[in-house]
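Engineer: Let chain A serve as the given structure and place chains B, C and D on it in line with the hints.
Protein chains in written order, with the working numbering: chain A, 5 to 332; chain B, 5 to 332; chain C, 5 to 332; chain D, 5 to 332.
Please note that a few of the clues may not be correct.
Said to hold, decoys possible - Far from chain B, by Cβ distances over 10 Å, these chain A residues were calculated:
id, residue
1, Arg48
2, Ala234
3, Ser268
Unchecked claim - Quick list of in silico lysine-lysine cross-link-like pairs, DSS-like style, CA-CA up to 27 Å:
id, chain 1, residue 1, chain 2, residue 2
4, A, Lys327, D, Lys135
5, A, Lys327, D, Lys327
6, B, Lys327, C, Lys327
7, D, Lys327, A, Lys312
8, B, Lys327, C, Lys312
By construction, these hints were calculated from the structure, which means they are not laboratory data. Just so you know, even glycine gets a beta-carbon here, dropped at the ideal spot from N, CA and C.
Protein chains: 4
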Amino acid sequence: MIEAALFGAGRIGKIHAANLARQPGVRLKYVVDVDAESAQALARLHGAAVAGVEQALADPTVRAVVIASSTDTHSDLIVRAAAAGKAIFCEKPVDLTLARAQAAADAVKQAGVLCMIGFQRRYDPTFAAVKARLLAGEIGAPEMLTITSRDPGAPPVSYIQVSGGIFKDMLIHDFDIFRWILDDEAASVYATGSCLVDPAIGAAGDLDCTAVTIRTHGGRLCQINTSRRAAYGYDQRFEILGSDGMLQAENHRPTEVVSHTARSVSHDKPEHFFLERYRAAYAAEIAHFFDAMMNGTPLRTTVHDGLKALELAEAATTSWREKCIVNL
Amino acid sequence: MIEAALFGAGRIGKIHAANLARQPGVRLKYVVDVDAESAQALARLHGAAVAGVEQALADPTVRAVVIASSTDTHSDLIVRAAAAGKAIFCEKPVDLTLARAQAAADAVKQAGVLCMIGFQRRYDPTFAAVKARLLAGEIGAPEMLTITSRDPGAPPVSYIQVSGGIFKDMLIHDFDIFRWILDDEAASVYATGSCLVDPAIGAAGDLDCTAVTIRTHGGRLCQINTSRRAAYGYDQRFEILGSDGMLQAENHRPTEVVSHTARSVSHDKPEHFFLERYRAAYAAEIAHFFDAMMNGTPLRTTVHDGLKALELAEAATTSWREKCIVNL
Amino acid sequence: MIEAALFGAGRIGKIHAANLARQPGVRLKYVVDVDAESAQALARLHGAAVAGVEQALADPTVRAVVIASSTDTHSDLIVRAAAAGKAIFCEKPVDLTLARAQAAADAVKQAGVLCMIGFQRRYDPTFAAVKARLLAGEIGAPEMLTITSRDPGAPPVSYIQVSGGIFKDMLIHDFDIFRWILDDEAASVYATGSCLVDPAIGAAGDLDCTAVTIRTHGGRLCQINTSRRAAYGYDQRFEILGSDGMLQAENHRPTEVVSHTARSVSHDKPEHFFLERYRAAYAAEIAHFFDAMMNGTPLRTTVHDGLKALELAEAATTSWREKCIVNL
Amino acid sequence: MIEAALFGAGRIGKIHAANLARQPGVRLKYVVDVDAESAQALARLHGAAVAGVEQALADPTVRAVVIASSTDTHSDLIVRAAAAGKAIFCEKPVDLTLARAQAAADAVKQAGVLCMIGFQRRYDPTFAAVKARLLAGEIGAPEMLTITSRDPGAPPVSYIQVSGGIFKDMLIHDFDIFRWILDDEAASVYATGSCLVDPAIGAAGDLDCTAVTIRTHGGRLCQINTSRRAAYGYDQRFEILGSDGMLQAENHRPTEVVSHTARSVSHDKPEHFFLERYRAAYAAEIAHFFDAMMNGTPLRTTVHDGLKALELAEAATTSWREKCIVNL
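Isolated chain A (complex conformation):
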């Protein structure tokens, strides 16, 4: 039986707690959150205890930690958990600065512990099938990748202000998809964007629409387009052109109803937001983490992946702010 501690009892913490509860051989022992009430409620739901960071990390029976607290706490918790010899699952991003993220990565390396970053999209059934079929050679050698990544609506400016900016907060996932699908690294990054959705986001020094282009060392091309607003829902698609064809990852829909009326032929909008869209992915990533712990299966999303995605986010931010092409 693996005992685990969960840091963070918010929206994403609750998801992880529920998925944790379904892993055979795993038990949630502690819930840690600065908000005592949230911690209490979640702990009660899963038969766990509330604890502080220190207590949770000091308990030798706790072999795994799941970090789902606010971004600014990630790298510090990774360092401390690594020092305590725990296997670590940490939500993206590793940190908002490369330096601190690197420090976390170093700590993990030194301690020799498992550290998985929660790039859940790699575990999505549709995305994972694209990757598998690509590897199986279905469309030959990959050449061009187009990623569309749009939220249903912009978050409040208070969120934007602590988010680290759209490239670190939102595109961090797309940068990871880029590296994973093309299996290649960026040679140059160009990013531009606008504030077309909410002027307050611009006033906060951020963008709400972006267009990013990456050219890899192998000459492959990747274009990412992102918006904080898609009136029709959560739009999460990508398509990869290869020498022998193309694979597309299309949106998921809540139902397969098709309606024919005098007005049009229509079907459901995409699943509403990330909790619905990536429900299966969140379950699969936690299962993967414990599978890695128990059976030595190699981790598919490591702290190195977290660092590389952050590096791209920084390059994109620089490209946008300084109106230049950033070479890596």
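Structural biologist: Quick look at chains B, C and D alone, frame taken from chain A:
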């Protein structure tokens, strides 16, 4: 150069005239219609002359006739044109009674002339592709056929009254599709229906919705569902299940626009009605007719096909009226 | 806390056990199965005890029973469970004979207990959305229903022999969908069919392909086509034409990958079989059952629905065997 | 009756000649081509005469010229035809250099003649419907445009060498779509690319895959991805995100057959290449040109549009060659 006479200058006559005009080596010489004005207008458009039936059939330079006049004139015109040694293209149905249709078929046989019936659906690119792929063995042996055939809206009762009833007027096409796709003949027919669209149709002794089941000598099953009204447009689909898979013929759309809004994800309704939906088919069938005349290509839709479809329409009418299963 | 007993530890019993385990406030107390090993394994997995029928029904703490044993035991278990005052969830069909099914229904009525029949399709997200949108008036008054229901492959003849025949075993679900979607009862039933998949099924006195037509008292039309084999997977669709449009329930797919190659543009086949396709439905129906127990929510699939579906299955069997139209 | 002269009897010249022949009130008088045999054959097919440039332009009965000759002759022919007072339809691009294209535009302006550039995509039913629905406000204010533009296979290097490069030869259409759909002008252009399809193209100093980003004065974003090779056919799509939704222009297919087999569910690949895909557009643009001549309808694609698209092609070429962001 083949000179041709056209009987009927109405909606469908105009279509045939325009397609005739595009055949290399073919010239429309006469337009015949009881409505002198319509005949005149169409003749003028295509540089043809107006003539009466007698004159057109008596002209030895006229080698082909296209019969697109009202249904009650078809069999008589076939008989006369056959006697005059003309190649005949005739709109469906051959006649509203089997006896007269048989007489027309006999006349054709005796005269040894070409006689093609305008079951244009067999020449539709989508339907023809299904047939070709079925013949190529893509889904193994055909087993079950489902046909959906719905008009956008009910015609006026005045039309219904001279139509011969829904089975001869509307399902005649579906009966032909059944024979063509399954390449088998009916052993039994069951038909039922209702008047759900327009009570005046019921008052006229007809149905506006039907459900027909045919079992073939080979044990294959066919279900046809028909309605005089589909609020979303002209619905023309069929699907054939085989031992190794299924082929579907789906609706055609005017454009390939997809719209995503806060309300739904939608695309165009089906093409509005038969003139749009079967535009390519009408052109292809006339080309086929003259190809048969010029090059001896075997006709794909003969007067025999016209008779067999009519036989099924009669059987279905009997099944419905007498509430019985009709064995053939 | 509601304690429950499960009868049947086979394929479907396991599904129900797992879903039961996820209901808050519900505990699986006993697993009952003639196969001691299966019962033992399933009981162990969920922390339940193995018991006999008598013991399970005699235990006053057991307030609910889930009947997932073989069909021939259903009605008897319903009668005994009703007599013991238990709330009953029973898999379809209620029984293979109307008389015994009626006896079960009578027992339920007399005991005044809840009795839900497992027509899980009504709880499927896509099917339930069609029903809800139909009720909301999206396509006006319902007129014609077409149901396509095909298994990926035929079961062994040993299964066929005890199945009660294709109408009771397979179409029972479609008959329930018909009643639910059209909200109308059958006035006449016509059924025909063939044995095109496996001659052994015919030798066993059964069909493997059927075509059924139902006309309701309100003149609505329903066509059902069924096959024991669809090479492309589990095909579960229906479409309902209304005065103002059409609603289609389309197949579900494992992923939303689209592949473009030199050969074709393709996507996934339908979800493989009923355990995958109706996973959400099975979870939702058990939740509904316990919701009805706890909160008095009216049952959506009662023993009456079970009886009516069986009545249609009998009528269809008669229509087929006696080559007649059966009036109800 | 408008008499017209056609310059160029090649692939695209033949298309225009056939469409010209279908315009009521228009007659093709001359066919001009350096290849006498091609000129002769095409002239014969349409009952026209073969002529030289001089003769055709000197004939006062010729009121319209259609320029479909090689790109290097376009601007010169425009200048001469303008001087002769002819209405001009010219294939894209106006020229390979901005200076000469500007000279042609000046000549048109000075002569006060009609001059339409053959950006046929604007006349495609699907693309035109997107534009119309965008103008009608269906998705609010346009924000982001993504254009996918891929040929089925790379042309021979001999073609590449005289093509002016991928940006002027292939993306010229996409630059026009960008201006037309967003109704805004470029403020900055970033282009990159690779040679992944055919090394000979790289050796000829060109690219075969490109990724272009345009930011408009209004802050709107456009990404274009292009490849000389799509194994699955001619891929011509775009999608426009607006404040209230998204409109997509999807590929057209030859038929609407859907095939379900044990392997996958598939439909047709996109229409094979531009002659098939834009058949309707080529017909509509010629109709539009003569409609403008006869009825004064304002031209939808003027020589100004030709210049602006060329300007973008030059900017993209510079951006790529000098690895910089080009501000306009």
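Engineer: Lys327 (chain B) and Lys327 (chain C) were given as a pair; does the straight-line alpha-carbon distance stay at or below 27 Å?
Structural biologist: Holds, at roughly 13 Å.
Engineer: Is the hinted pair Lys327 (chain D) and Lys312 (chain A) satisfied, with a Cα-Cα distance of at most 27 Å?
Structural biologist: Cα-Cα ~24 Å, so holds.
Engineer: When you look at the beta carbon of Ala234 (chain A), is every beta carbon of chain B farther off than 10 Å?
Structural biologist: Label violated. Min Cβ-Cβ 8 Å, cutoff 10 Å.
Engineer: Tell me if the straight-line CA distance from Lys327 (chain A) to Lys327 (chain D) falls inside 27 Å.
Structural biologist: Given pair Lys327 (chain A), Lys327 (chain D) holds - Cα atoms ~13 Å apart, limit 27 Å.
Engineer: At 10 Å, judged by beta carbons, does Ser268 (chain A) keep clear of chain B as stated?
Structural biologist: Non-interface label on Ser268 (chain A) violated, nearest chain B Cβ at 4 Å vs cutoff 10 Å.
Engineer: Regarding the pair Lys327 (chain A) and Lys135 (chain D), is the alpha-carbon distance no greater than 27 Å?
Structural biologist: violated (31 Å)
Engineer: Checking one constraint from the list: CA of Lys327 (chain B) to CA of Lys312 (chain C), max 27 Å. Satisfied?
Structural biologist: Holds, at roughly 24 Å.
Engineer: Against chain B, does Arg48 (chain A) keep a CB gap of more than 10 Å to every residue?
Structural biologist: At about 38 Å from chain B, Arg48 (chain A) clears the 10 Å cut-off, so the statement holds.
Hint violations for this structure: numbers 2, 3 and 4, all remaining hints satisfied.
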